[in-house]
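Participant: Chains as they are written, first to last, in our numbering: chain A, 239 to 450; chain B, 98 to 446; chain C, 2 to 172.
Worth double-checking, as some hints may not be accurate.
[Said to hold, decoys possible] From the structure, some residues in chain C lie toward chain A, with a derived Cβ separation under 7 Å:
#1 D34
#2 F101
#3 T125
#4 W127
#5 A128
#6 P129
#7 L135
#8 L147
#9 A151
[To be verified] A few chain B positions that, by computed beta-carbon distances, are all more than 12 Å from chain C:
#10 D291
#11 D317
#12 G354
#13 E407
Keep in mind that the hints were calculated from the coordinates and are not lab data. Ideal Cβ positions, reconstructed from N, Cα and C, are used throughout, including at glycine.
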Amino acid sequence: MVSLGLLLLLACTTLSTLDGAKTLRPGTDQASLAVGLQSGGNALSAATGLPLPQVEVGFRHGLADNLDAGVRLYLVGGVADLRYRFAQHGPWHVAFAPGLGGLVVPLPGAAVMSAIDLRLPVVAERDLGTRLSLAGGPSAVGRWTPTWIATPYGSGAITRVDLLAGGSLRLRIGGDRLSLGLGGDAYFSAARAGRGAWSAGLDLRARTQGRE
Amino acid sequence: MIWTLLACSHPEPDRWLAWVRGDAGYEVAPRDLPGLEETDTMRGAYAVMRAGGSLSVDLDANWSYEPGRPLQVDYEVVDGVAWPIDAHGLLSWSFYGHLADTAIALDALGLSVDAALPFDAAWVPTLPSIDIELVPAENAAYAAGQNVFVLLPDLIEADVPLAANAGVVAHETGHCLFHLLTAGAVMADPLFDDSTTEAGLFQASLHEGFADIVATLLTDDPRFIEESIAMTTRRVDGDVSADDVVLPAQHLQDSEGDLLAIYDPYALGTVFASLAWDLRALHGDGAAVLQIAGDAAEAWAAGAEGDWDEADRWSFADSLVAGMPEELQSDACAAAALRLPGVGLEACP
Amino acid sequence: MTRALLVLLAVAWSAAAAAGPARAAGVGLVAVDLRTSAGWYRARPAAELWGEVGDTWRLRLSLASGVPQHEAGQGWAYAQGWQRVALTGAWTAGTRDLRFRAEAGPAVSRVATRWTSPAAVAVTQWAPGVRGGLGLDLPLADRWSLGGLAAATSRQRGVDLDLRVGASRTW
Numbered sequence: 239m240v241s242l243g244l245l246l247l248l249a250c251t252t253l254s255t256l257d258g259a260k261t262l263r264p265g266t267d268q269a270s271l272a273v274g275l276q277s278g279g280n281a282l283s284a285a286t287g288l289p290l291p292q293v294e295v296g297f298r299h300g301l302a303d304n305l306d307a308g309v310r311l312y313l314v315g316g317v318a319d320l321r322y323r324f325a326q327h328g329p330w331h332v333a334f335a336p337g338l339g340g341l342v343v344p345l346p347g348a349a350v351m352s353a354i355d356l357r358l359p360v361v362a363e364r365d366l367g368t369r370l371s372l373a374g375g376p377s378a379v380g381r382w383t384p385t386w387i388a389t390p391y392g393s394g395a396i397t398r399v400d401l402l403a404g405g406s407l408r409l410r411i412g413g414d415r416l417s418l419g420l421g422g423d424a425y426f427s428a429a430r431a432g433r434g435a436w437s438a439g440l441d442l443r444a445r446t447q448g449r450e
Numbered sequence: 098m099i100w101t102l103l104a105c106s107h108p109e110p111d112r113w114l115a116w117v118r119g120d121a122g123y124e125v126a127p128r129d130l131p132g133l134e135e136t137d138t139m140r141g142a143y144a145v146m147r148a149g150g151s152l153s154v155d156l157d158a159n160w161s162y163e164p165g166r167p168l169q170v171d172y173e174v175v176d177g178v179a180w181p182i183d184a185h186g187l188l189s190w191s192f193y194g195h196l197a198d199t200a201i202a203l204d205a206l207g208l209s210v211d212a213a214l215p216f217d218a219a220w221v222p223t224l225p226s227i228d229i230e231l232v233p234a235e236n237a238a239y240a241a242g243q244n245v246f247v248l249l250p251d252l253i254e255a256d257v258p259l260a261a262n263a264g265v266v267a268h269e270t271g272h273c274l275f276h277l278l279t280a281g282a283v284m285a286d287p288l289f290d291d292s293t294t295e296a297g298l299f300q301a302s303l304h305e306g307f308a309d310i311v312a313t314l315l316t317d318d319p320r321f322i323e324e325s326i327a328m329t330t331r332r333v334d335g336d337v338s339a340d341d342v343v344l345p346a347q348h349l350q351d352s353e354g355d356l357l358a359i360y361d362p363y364a365l366g367t368v369f370a371s372l373a374w375d376l377r378a379l380h381g382d383g384a385a386v387l388q389i390a391g392d393a394a395e396a397w398a399a400g401a402e403g404d405w406d407e408a409d410r411w412s413f414a415d416s417l418v419a420g421m422p423e424e425l426q427s428d429a430c431a432a433a434a435l436r437l438p439g440v441g442l443e444a445c446p
Numbered sequence: 002m003t004r005a006l007l008v009l010l011a012v013a014w015s016a017a018a019a020a021g022p023a024r025a026a027g028v029g030l031v032a033v034d035l036r037t038s039a040g041w042y043r044a045r046p047a048a049e050l051w052g053e054v055g056d057t058w059r060l061r062l063s064l065a066s067g068v069p070q071h072e073a074g075q076g077w078a079y080a081q082g083w084q085r086v087a088l089t090g091a092w093t094a095g096t097r098d099l100r101f102r103a104e105a106g107p108a109v110s111r112v113a114t115r116w117t118s119p120a121a122v123a124v125t126q127w128a129p130g131v132r133g134g135l136g137l138d139l140p141l142a143d144r145w146s147l148g149g150l151a152a153a154t155s156r157q158r159g160v161d162l163d164l165r166v167g168a169s170r171t172w
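Next up, chain A with everything else stripped away, as it sits in the complex (with noise of 0.2 Å):
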C-alpha cells in the first residue's frame, strides 16, 4: 500500500491556471489553497487514463503596480511566475504570466525523473460585479520530461518534449479578503500528437490588504 500511495505521488506534475489577471497592489500577500483532478500531461494518469487528485499551496506578493510574484507548490513540485497587468479598461483586465515548474523523481530501480515545465499564459478578467468574475485566456505550456534510466543492460538519459496548447477558464466568488475560484484548463499535444489534457477544481485565496 505504501508503494501503491508513492506511486500516485509520482510524476503527477499541475496544468492548473488559479491566478487571473487583476494584480496584487504592491505590498500585498495572498494565499492559495486548491484542489482539483488532472488527467493527462503527466506519465501516471496517461498510463492510468484516471483523473488523478492534485493539492496545491501557493504564495502571492504583490512587487509594483500591476506586477506581481507567485510560488505555487504542488504534488509533488513546485513553479514559480511573475505575472504583469499590460491592459485594464473599465471592468477589462488582462495579463501575462510567464511561469517555470519543475520536479524530481526518484523512481524504484536506478532512475529520476524530473520534468521542466515553462508555462506561458495570457489571461483576461472581467468582474462581473463587486463579488464576482470571470478570467480565461489561451496558454502554452512547454514540457521537457527527462529520465536518467540504469538497466542491465546499460544506461543513459531519455527526454520526451511536447507543447500543450489550450485555455483556461476561472470564475471567482467572493470578496477583496476571501474568495472562492471554481475553473479548469483543457490542452492538446501540439508537439507529441499524444492525448490531450485537462484539470479542474476549486481554490480558496485569502489576502493581506485589499482591493486590487
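Got chain A sorted already, so can you dock chains B and C onto it with the hints?
Facilitator: Structure of chains B and C alone, referenced to chain A:
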C-alpha cells in the same frame, strides 16, 4: 560531395537508405521498400507509420487506439536513392523494410498476415503502462487486438537500433500471426483475455515463444536480439528448460495477494522457442519448422478453446514434435524431454 | 548562407539607423529542440544575433545558427547543421525594471545534413514557417538589457522549440 536542394516535389525514389541484414550482418545501404506509396508520410501497403497517438484501456479492459499524426520524413533523392535528413528517417525506412520482408516471407509459407495489412506503426504513443510511460525507451511491441506496432527510441547505444533489427520486427509480426492463428481475426479478443489465470499466463508465454520462433527461424539467428540489446536470456541455443523457469501455476501460487507481482512470459516463451530451434537443427529447414509451429498454434487454440485443462499446457509443444517427419520423431522427442523434463507428450509415448 | 544573412542584418541595421527609431542589437545563446522525422526532439545549442527597431512596437530581424550535430553508428555517419532567419513583430510592455514581450512573424529554417557514410551525400531542407514567442527583458545600466524568450517555429508539418537567453544594447 553531391549538393542538392529540396525542390517543391521529390522525384520518386526506387531505393531507400536503410539498415539491411545480409549474410555478413547489418549494413546501411539502399534497398527497395515494397508497397511504399508515400515516402514522406510513410504510408504503404504494409504499414502506415505515425508519430504519437495513444493506446488506452478502460476499467473493463477494453482497448482503444487513437492514431497520432502522420510522420514527416524529410529526405532528398540522389541517383534514385532516397537519403533521409536524419537518423530517424533511416529508422522508419528500415522498420518498414523489415516489416515488408517478414510479411512477404510468411505469406510464402502459407502463414499470411494479409488480414492485418496495413499495420499501424506508432512512434512513442501514450501507453497504458506506467513503467513504459515513465521510461519510454528500449522497446518495440505489437498491440494485438488493435493491430498497432509501438516503437520506442533506443536509450542504449547499439550497433543496430531495435526498430531496425530484422529479428525484432519479425518477432513483433509473429505476435500478429499468433493472434490471427488463435483468435481468428486481427481485431478479435484474444482466446484468453484474463491475465490472472493460468490460461492467460500460458497464452502470454506462448505469444512470446511463438514470436521468437518466427524471429529466429526467419532470420536463422538464435540470438537475433543481441545486435541491439545484450539480452542473453532470450537465446534459444542455450540449455534452458521448463525446470529453470517459473511456470504460470507456480507464479499464481507464489503471488497470491501480491497485486504488484508480475509474471515474466519470456522465460517460458524462451523454452518453447528453444524447442523449436532444436527441431530446426534436426530438420535442417527452418521454414518447414515454422510452418509446423503455425499448425501447432492453431491446434493449441482449437484444443484450448472452452475450458482450460492440464492437456492444454503442453499441447503446443506436443504438436510441434508431432509435426516433425516420422524419421525425426525419436530425436524430436529427445529434444522435448530435455526442454520439458517430466512432461509426457502424446507424440512421445 | 550565414554570411549572406549577416550582410542582410547589417544592411537592415544601417537602414534603421537612417530611418531614426530606436535600435537595439543583441546576441544570445539558444537551446533548440528540433523535431526529427519520427516526431521526436533532439536538442542542440545555438547562437543568435538580432537587430531590432522600435519602442513599444518593434520589428526584429534575427539569425540563429546551431552547433553542427554529429551522429554516427555502425556503417553510417552525418553532420547536421541548422540555421533560421526570422522577421518578427514584437510588442513590449512592463515596468521600468521588467519588460514583457510577445513576438510573432515569418521565419525560414534550414536543415542541412552531410552524410559521410555510407556515402558522401548532402540533404538540405529549406522550410518556411511561422514563429511565435513570449519573453522577458531586464533593463540594465547604460542601455544594456538581459532577456529571455521561449518560442516555437513551425517547420514542415511540425514545430521546433527554442529558449534563448541573451544580452542586447539600445541606441
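Participant: Could you run down the list of hints and mark each one as holding or not?
Facilitator: Verification of the hints:
no., hint, in the structure
1, D34, "5 Å, holds"
2, F101, "5 Å, holds"
3, T125, "24 Å, violated"
4, W127, "22 Å, violated"
5, A128, "16 Å, violated"
6, P129, "19 Å, violated"
7, L135, "5 Å, holds"
8, L147, "14 Å, violated"
9, A151, "5 Å, holds"
10, D291, "35 Å, holds"
11, D317, "20 Å, holds"
12, G354, "41 Å, holds"
13, E407, "46 Å, holds"
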